[in-house]
Amino acid sequence: MALMAKPMDKEQRGVYNNRPMQNNDILITGLGAISAAGSSVPETLTCFKDGRRNGGPVTLFETRLEYPVFEVKSIPEAFRRKGLRTISLALVAVDEALRESGLGHDLSKHRVGVCLGTTVASQLNDLEFYRSYRETGSAPMEPVDRYLKGNLAEYVARSVKANGPCLTVVNACSSGTDAIGAASSWLRSGMCDIAIAGGADELSRIPYCGFGSLGIVSKELCAPFDRDRKGLNLGEGAGVVVLERREFAKRRRVSTDLFLAGFGACADAYHLTAPHPEGVGLEASLVAALRQADVGPETVSFVNAHGTATPDNDQAEGKLLARMFGPGLAMLSTKGFTGHTLGAAGGLEAVFTALGLRAGWIPASPGFVNQDPNIPLAPVREITRIAGKYAVSTSLAFGGNNAAIVMGRRSAP
Amino acid sequence: MNVQGIGLLCSRGRGIHAFQQALLEGWREPARLTIKDRQVPVHTVDLEHVQDKSVLKKMRRADKLSKMAVLAATDAVTDSGLRPEEVRRLGVIVATALGAHGTTFEFLDGILDFGEAAVSPTAFSNSVHNAAASYISTALGIQGPTLTVTQFFFSFQSALQLADAWLHEGRLDHVLVGAIDQFGDVLGYIADSRLALAADGKIRPFQKSPGAVPGEGAAFFLLGNKEDERFYCRVSGVQFGTSANTPQGSGLNILDIDGMTSEVTWQAFETSPGARIAAYSPLYGSMMTGTAFSMAAGALMLKAGFCYANPVLDGAQNLPVVKEHADSSVDFMRCIRYNCANESSTIHLMKP
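One line per chain: the protein sequences are C and F, in this order.
Each residue of the first sequence is one higher than the one before, starting from 1 at the first, in this note's numbering.
Each residue of the second sequence is one higher than the one before, starting from 1 at the first, in this note's numbering.
Everything labelled a hint here was simulated from the structure, so no lab data went into it.
Incorrect hints may have been included.
As the list claims (entries may be wrong) - Only pairs whose alpha carbons sit at most 20 Å apart, straight line, appear in this in silico SDA-like list of lysine to any residue:
| # | chain 1 | residue 1 | chain 2 | residue 2 |
| --- | --- | --- | --- | --- |
| 1 | C | Lys219 | F | Lys36 |
| 2 | C | Lys219 | F | Glu116 |
| 3 | C | Lys161 | F | Asn342 |
| 4 | F | Lys36 | C | Arg131 |
| 5 | C | Lys161 | F | Asn339 |
| 6 | C | Lys109 | F | Gly241 |
| 7 | C | Lys149 | F | Lys208 |
| 8 | C | Lys161 | F | Glu324 |
| 9 | C | Lys149 | F | Glu343 |
| 10 | C | Lys149 | F | Gly115 |
| 11 | F | Lys58 | C | Lys149 |
| 12 | C | Lys230 | F | Lys64 |
| 13 | F | Lys208 | F | Asp192 |
| 14 | C | Lys149 | F | Gly241 |
| 15 | F | Lys323 | F | Asn342 |
| 16 | F | Lys64 | C | Thr273 |
| 17 | F | Lys64 | C | Lys219 |
| 18 | C | Lys149 | F | Glu116 |
| 19 | C | Lys161 | C | Leu272 |
| 20 | C | Lys230 | F | Pro121 |
| 21 | C | Lys230 | C | Arg131 |
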């Protein structure tokens, strides 16, 4: 690990190679994804095309609760790390993203940052360790050692020999989006040339019980934005993007149409668990992201919404999106394919948004049947062609955190 | 970026004056808590310091970690003199090594005692790492980006680095950056199992085996690019590497030696010949995020033109340590921390 915060004069802010930094100066040169929708980007696209939903009962741990989940059925052996499922998932997505970027897996010669979001992997919440401690006054230390060696960003940085800034974001359900935003700030500030960013989270019994206790989990497959939605389903996975300063990519003769145009994050300052009913923080996040991207809402071709399928989230988010983008907006929630993957959600949904821009289509929003009369906007019901150059992905989180990213492509698909 | 305000809460009390008093008074014997039939010395924050009916009025259900965070964050903003209209362009980054583990274990108690279907939603929502940051944004009405990060020993340094990027980028005018960590009985058990605790409660930073004494607390800094009479010091860089990489020559190296890592921190003595050495961890205890307290000490000293003596000098006979409180012309300080992998972080502080 090395580096640095090189002081800059105020006048140098946002200045890039003696010209103002443009909204397309941070390229997306690699995408990687693993979730219940597929163990790679191509598998995910096939799943989206087929409209297949791989939710079902929990098999990863013992439980008496009966909420369906979206599990990753198989992690390739080369990436499995014992007792570190979140990291294993992250390594799969990082590998795929790095392969696409052409950077290889030894990044020691470049200035590379790693910024990843998670929730489960950040907590020392091993139930058997704690049970043993409570009952006998002692407990095996393996879970503790594993935990202390399992900081997500640090582990990934070591595995690819990244030597730039390194950060694990633990901002609940917006962690992945916030991580991408933080990485873009590093790149804009010149702290690194490349950043591996996104999120990863495993399905764990602890949040499974916790979300159950909040009464926001559905016993059926989730139905984001539907009139009869009954709550979320938990899922797991990892979504990773490789971000790169344009000049650096140019030097290594890599070209891509995709770029990260803007990021915004704002707090509701309202409630620990409930979103602001008017979406105050989300609106401010979107305004900030669009401003940084230097585009107006009318240029956004689709929004990949947070869309958890909880009554509160979807109503606040749906109303705001309709107000900002108009009722004709093409909008979807991919959580019907993946479940709510918590700290991974922002990373996965950023990848899915980039894929939509690249492929020129977005899938039908799974689970949606009937429009909610309280939400003046309906998600897309079928595979929908996308013609524009910009798309948005949003995240809302516990704690009143909101984050939005704007992605672009240089030429329309 | 500049340190414009500081808020602190540790075993020695709340506020910068309590911390300055601790720096002047020196080491004080910590509390002893019983952890599974063993007495463990801990620099614990007394609950009487975590009470404030005005600041905490909407936090009845919050845990101690969140309350400590809100108090220190509020004090930092107050200390900075930030005007209400400036809060619009203020962000928050909370750094924590271990998060709300006390509340996490309380939630696990619920699963074990009452079953999966009867656990407390309050315990769950307060156990997430970003609960404290959420309470801060709500208490202070901050609607800028509010982030929580964790990087174990380098959590605080990484948060500073991101704050620097946000300010450079022009995303915000000010960032409230803080470090929080908490003691609990499970952590006491882990510390007792994995660390050599100082039986007499005294961390001896300049001995080969300093001994650890767990601590807890919160330290927040209001950072921005403004320069006025309240300005403590400039944070001129945050550096990570395999050695301290400090510039040669004069200055003060504030070493975060607290018995949690091996004696690799001693390398710092060799990388910066001519510099003097201080370590204040005996005042507030061993914490992965303890560097935030070191930085607070550095900021206070740079502003005041004063150096506080090391609180514990055992083993420092042949080292260039600060032995007595004295006026100082030092205009450059470095807060140096190593992790268990022998990697270092250095926060560079400069006089206003």
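Hints, one by one, checked against the model:
Restraint check for Lys219 (chain C) and Lys36 (chain F): the C-alpha separation of about 41 Å exceeds 20 Å, so the hint is violated. For the hint linking Lys219 (chain C) to Glu116 (chain F), the alpha-carbon distance of about 15 Å falls within 20 Å, and the restraint holds. Between Lys161 (chain C) and Asn342 (chain F) the CA atoms are separated by roughly 16 Å; this keeps the pair inside 20 Å, and the hint holds. Restraint check for Lys36 (chain F) and Arg131 (chain C): satisfied, since their Cα atoms lie roughly 14 Å apart, inside the 20 Å limit.
Between Lys161 (chain C) and Asn339 (chain F), the direct Cα distance comes to roughly 17 Å. Compliance with the 20 Å bound is thereby established for this hinted pair. Proposed proximity of Lys109 (chain C) and Gly241 (chain F) is supported: the alpha carbons are some 15 Å apart, at most 20 Å. Restraint check for Lys149 (chain C) and Lys208 (chain F): the C-alpha separation of about 25 Å exceeds 20 Å, so the hint is violated. Note on Lys161 (chain C) and Glu324 (chain F): the hinted pairing is violated, with a Cα-Cα distance of about 44 Å set against a maximum of 20 Å.
Between Lys149 (chain C) and Glu343 (chain F) the alpha-carbon distance is near 14 Å, which keeps this suggested pair within the 20 Å criterion. Under the criterion of a C-alpha separation no larger than 20 Å, the hint pairing Lys149 (chain C) with Gly115 (chain F) is inconsistent with the structure, at around 30 Å. In summary, the hint linking Lys58 (chain F) to Lys149 (chain C) is not supported, as the alpha carbons are separated by about 37 Å, beyond the 20 Å threshold. Restraint check for Lys230 (chain C) and Lys64 (chain F): the C-alpha separation of about 34 Å exceeds 20 Å, so the hint is violated.
The suggested pairing of Lys208 (chain F) with Asp192 (chain F) holds, with an alpha-carbon distance near 19 Å, which does not exceed 20 Å. Among the hinted pairs, Lys149 (chain C) with Gly241 (chain F) is consistent with the structure: their alpha-carbon atoms are about 18 Å apart, no more than 20 Å. A threshold of 20 Å between alpha carbons decides the hint, and for Lys323 (chain F) with Asn342 (chain F) the separation of about 28 Å lies outside it, so the pair is violated. With a CA separation close to 18 Å, the supplied pair Lys64 (chain F) and Thr273 (chain C) stays within the 20 Å bound.
Restraint check for Lys64 (chain F) and Lys219 (chain C): the C-alpha separation of about 35 Å exceeds 20 Å, so the hint is violated. Between Lys149 (chain C) and Glu116 (chain F) the CA atoms are separated by roughly 28 Å; this puts the pair beyond 20 Å, and the hint is violated. A threshold of 20 Å between alpha carbons decides the hint, and for Lys161 (chain C) with Leu272 (chain C) the separation of about 37 Å lies outside it, so the pair is violated. The straight-line distance between the Cα atoms of Lys230 (chain C) and Pro121 (chain F) is roughly 18 Å, inside the 20 Å bound, and the hint therefore holds.
Proximity of Lys230 (chain C) to Arg131 (chain C) is assessed by CA-CA distance (about 33 Å); at most 20 Å being required, the pair is judged violated.
When held up to the earlier numbered hints, the structure conflicts with 1, 7, 8, 10, 11, 12, 15, 17, 18, 19, 21 and fits the remainder.
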